[in-house]
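One letter stands for each residue in the lines below.
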Amino acid sequence: NAGVTQTPKFRVLKTGQSMTLLCAQDMNHEYMYWYRQDPGMGLRLIHYSVGEGTTAKGEVPDGYNVSRLKKQNFLLGLESAAPSQTSVYFCASRPRLGLAPRMGTYEQYFGPGTRLTVT
Amino acid sequence: GESVGLHLPTLSVQEGDNSIINCAYSNSASDYFIWYKQESGKGPQFIIDIRSNMDKRQGQRVTVLLNKTVKHLSLQIAATQPGDSAVYFCAEMGIIQGAQKLVFGQGTRLTINP
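Keeping their order, the protein sequence lines are chains V and B. The first sequence begins at 57 in the working numbering and counts up one residue at a time. The second sequence begins at 235 in the working numbering and counts up one residue at a time.
Some, not all, of what chain V presents toward chain B, calculated at C-beta under 7 Å:
1) Met97
2) Leu101
3) Phe146
4) Tyr162
5) Glu163
If you want the footprint, here are the derived chain B segments under chain V, 3+ residues with CB under 8 Å:
6) 279-289
7) 338-345
What the hints contain is simulated information worked out from the structure, not anything from laboratory work. Because the structure is a prediction, the values reported are computed rather than measured. In this text, a Cβ means the ideal position worked out from N, Cα and C, and glycines have one as well.
Chain B on its own, in the form it takes in the complex:
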């Protein structure tokens, strides 16, 4: 079956450093990807998305890179802050019960050390 996964379940970085969260996907037909941030006790919040016709997209302090050749997605967070500590999920547009739906990965916990 198709799957979305993350290379590392946990990641710790020093405040002010850059962080990179990776995500592997297996459905080569996926044409849309999205990153969410989930703080403790809250619902996921949208960070950034990207379509398969792009290989890079930038937001405020965040950049998503898409490598379709190796089916790899990454989220880069620049100059990390304590508020960046959270679980980050990638999701791809996949097929569930015959219809297109977002399929979420397991998540990576990012901890920012002071």
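Isolated chain V, as found in the complex:
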């Protein structure tokens, strides 16, 4: 299994440009998440999905949109990039509680990250 993969690994955007970050997982996980990580800070939840066709807002959703058209993919879109969106973006996934390899765990499996710079 490749686990959780993210595309691209790096990107530089100009203010106002748009782009889509792709997250893919091959573990048949129901839940998927998008986080951003800024220097000296922990991970902050942007949006998440509890299943194919569903999405919900997290802690910092403004300026981002998401889609989960296929169970294995979770897309994060920036319609009009701003310098404040310069960050490292991580995608994560997890199975439904009870289906995880270890009982009762909320362990999320993370991708390698996408480093985005908006100038």
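Starting from the known structure of chain V, arrange chain B on it as the hints suggest.
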């Protein structure tokens, strides 16, 4: 609001020594906690988790202690190795936008000195 934080942002220990990373949480209703390790340029990796009905859980060279009385969580790493150098995050199950989600602390950078 609820928060998860760490007492020390950086920690340096000698190779072979034990290390303790601390985490304070403020949501007394949290019933699940998890520790992640993040090496430079990589995504976080699961280390160990614990539920609030336990006060200690052990893994391979790692132990998590939970003190609900003072709302404190710690990660102990025994016989540290160079590969243990990383940023360590604690997270609690909290409420974001009305739903249960993992809320991450800011992280502690652990450096293992040879």
